[in-house]
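The task is to assemble the complex, starting from two chains supplied on their own in separate frames and drawing on the hints.
So the protein lines, in turn, are chains Z and D. Sequential numbering of the first sequence, starting at 0, is according to numbering that gives the first Met the number 0. Sequential numbering of the second sequence, starting at 0, is according to numbering that gives the first Met the number 0.
Any given hint could turn out to be false.
Over 12 Å on every C-beta distance to chain Z, these chain D residues come out as not near it, computed from the model [to be verified]:
1) A21
2) C39
3) A69
4) V76
5) R80
6) P85
7) V97
8) P104
Computed from the model, here is a short list of chain D residues facing chain Z with C-beta under 7 Å [claimed, not checked]:
9) Y15
10) S57
11) R60
12) R66
13) S70
14) S88
15) L99
16) V108
It is worth saying that the hints were derived from the structure and are not from the lab. Only a predicted model underlies this, so the values are computations on that prediction, with no experimental measurement involved. Backbone N, C-alpha and C define an ideal beta-carbon position, used for all residues, glycine too.
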Amino acid sequence: MRDVSIIGVGQTAVAEHWDRSIRDLAVEAIAAARQDAGVERVDALFVGNMLSGELAGQENLATLVADGAALLPIEALKIEAACASGGAALRAAYLAVGSGVHDFVLVVGVEKMTDYLTDGVTSALALAADADYEAAHGISFAALNALLMRRYMHEHGARHEDFAPFSVNAHANAALNPHAMYRQPITVEDFVRSPVVADPINILDSAGICDGAAALLVAPASEARRTRRAPVRIAASATATDTLGLAERRDPLVWQAVADSARRAYAQAKLAPKDIDLFELHDAFTIVSVLSLEACGFADRGSALKLAAEGRIGLKGDIPIGTLGGLKGRGHPVGASGVYQVVETVLQLRGEAGAAQVRGATIGMAQSVGGSGSVAVTHILRV
Amino acid sequence: MKVELPRYHRLRGSYYRLEGSACPACPGRYFPPRPVCPSCRTAGLRPFVFSGRGTLYSFSRVLQPPRGYASMAPYDVGMVRLEEGPLISCQLTDSERVELSIGMPVEMVVRKIRDAEEHGYIVYGYKFRPRLQKTR
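Pulled out of the complex, with its shape left as it was, chain D reads as follows (with noise of 0.2 Å):
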């Protein structure tokens, strides 16, 4: 049986908070979270939380899940550039009766993320749904 606690336990800080990391010697801000910096070589990178808005690079809707996605099949996924600058790669949410398309502005949210498993954890992180307007 795959027991996979610990693992998630360790992404807590990049799943419900979206935390990456900053470079400390020049402007690089990474997400997800890395030990050196790949552009001044600089280790020791400091945890950076991201805003979670940002705007759609790309998008596709997964007709063939993996294993342990079925449930929610068929689902959005996409690419989303960060207003901090790095892209990321996530499911969309909220998006059944929303035309999807390239620019877009986007937020994210923290969701359930697959199905839960023999061992009975269900995995919550960062998902990404067309941004809100805000009312009064």
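Excised from the complex, chain Z in its bound form (with noise of 0.2 Å):
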């Protein structure tokens, strides 16, 4: 395998972008990280999507995006692995890339979900979930992370209100990213306040229903010193499964697919989850954010809700996470997410993420979960 790079980055704002359709945001992250890199050559295109078939009538997506972008006649495929689309639509150009099968990739993460009324999307994103046994049933997505946060605070004795820091620190840190969705503060008594989607799920536990396309531009590193932007190495890909169905793991509590890959990730890249500067976790749901962090070794078995509680996860902490706003506070537009948040990694490393700059960051760890926690893809990025 080769080293391999992204040498370009490019986002448009994640919005409800009622006039823009899933084309247009595509291409216009695409030109964004094709400028951003200063390269014209591009050899094959990834794009990471979950819902274009459900919510835009649109299948065969990759083709409709060359297309849209003028790239034609290039190899073009749609990546899907749900909420980690993103991700795994990176790790597909890692792939090729680091094989030596192509050199130049664009991979672009595209969701277009505001078309639709709140209960054809919370439809659509159980088709993540199994179809026969959980979304047949009426078991929506959060009801899901819903049943895993009650078993939480039940096993650990935490009370709702203490997972709020996880998402007061994602306003606080979306406040400062020009493209994020959500960019007012909120404080504990407005999480403990919001409207219950689950109970004990509520509005400000979720990631909201948004619009988005990021995109990167991948290269080998022998490349990438010839660019104009200080280019960011891929130090580790990771990916792994757990069963589909939550109920049929041995304890859901243990997220398994995202501690193996995490695993994976730290051995390619010779690391421990002390020497990661900053970590752009899946927070589609506080729960998810606690289960990760536990996963990953951040921290232990029932005790990350005492990690944020001492304001760790903070820009300032000694793990920040959702740098940028997160998916919570960014938004979660979800095959696109994967890619937001390693655009976002990239723009932490090269100390060009403004007022949300982590001083000094060196190495960040970008991790896309799909399911209720059945894939999961970590990558790990370095300068």
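Right, dumping it as structure tokens:
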């Protein structure tokens, strides 16, 4: 395998883009990433997306995007791994460049969710769960996470408001990110008073429905030295799976796919959790942040809430998370989120994160999770 | 138009009888049914009907339902630890006036699990309710 770098990044604002199509968003992010890299050549395009068939009535999406961006006749494929589609698309590009099959590969994560009302989007998101044994029983995605959260609170004697610091942190960081959707700071009181979706999960536990696209240009590290931006190397890329159905796990509170993908990534990069300067984790719900921090070795089982309560997840903490807002604050256009996480990690490592800059950051981890922890993709980047 | 009749016909064993599978080579018992045993990798698992008794592992009241479940909302869902060992995700029923708690005994019943759609097919399947006490 060759060493692989990210030489360009681009993103649209995350918002309700009522006047833009899925193609418009993808093409804008791609143009921004190519301009950032200052490189013309593109050999292949991998599109991370979960719901274009369901919410835009469009499959064969990669061809649509390649055509829209005037990249024909390059190889173009859609990569789908539920909410981890963005991370999985970068993984596909990493394999293509690392193996020597391609030199310059574009990755774009894109999702267009706001053409539908909430019940339609809720049904679409449930496609990531087990169709026959979860979704068909009216168990929404929020409900699956609510089942986890209630059990976690039971086992560890936690209260719902103990989860508030995760949302408060996400909104505080999003306020510093011009591309974020939810830029208003919130308080613990706002969190407690927020309307319930599936108890104990409320609106402020949950990442919102939105549209957006983010893009990366990936190239061999040898080529990256000649581009105008400081190259950021992919030090690790790893993915793992777990049972599709949440109930089929030995212990649903142990996110084994997340743990396995992180463990493999640490081994590849020859790093430990203590070496990671910032962690873009998959905070689709506050309980997911908790289970991810524990599975990735940043907190012992049952102690991630304490980590948050002590302020250690903030920009000046020892393990900053969701530094530009995370899924909760920036917004969670599902198939795009994994690419946004990597764009933001690159900005942090280049020292271009503006007011949200984590001082002296040289190693960042981005982790994209699909289903209720059934697939996880972890990347470690460094400068 | 969606026609899902074959799908629900295929699911009748698990939906109506709580039929999962048992491994002939190890003590593995699984719900939903599986083709291959995840603990010893033996193929050719046999049908195994669970008793339908268990205890509540976790629960949630759904206030924002997916499409096709609006007429039932709000409704309760849960995870149940079956007495044979596996966990199952399910809807709960007859629970409106009961204070649900983790560990409470529950039992399986067959109920309507989603609204009829365009093709008029009403899906029935297992739900769990707080276990009834025996009277004489």
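Status of the hints after comparison with the structure:
no. : hint : verdict
1   : A21  : holds, 15 Å
2   : C39  : holds, 15 Å
3   : A69  : violated, 7 Å
4   : V76  : violated, 5 Å
5   : R80  : violated, 9 Å
6   : P85  : violated, 7 Å
7   : V97  : holds, 15 Å
8   : P104 : holds, 17 Å
9   : Y15  : violated, 13 Å
10  : S57  : holds, 4 Å
11  : R60  : holds, 5 Å
12  : R66  : holds, 4 Å
13  : S70  : violated, 11 Å
14  : S88  : holds, 5 Å
15  : L99  : violated, 10 Å
16  : V108 : violated, 14 Å
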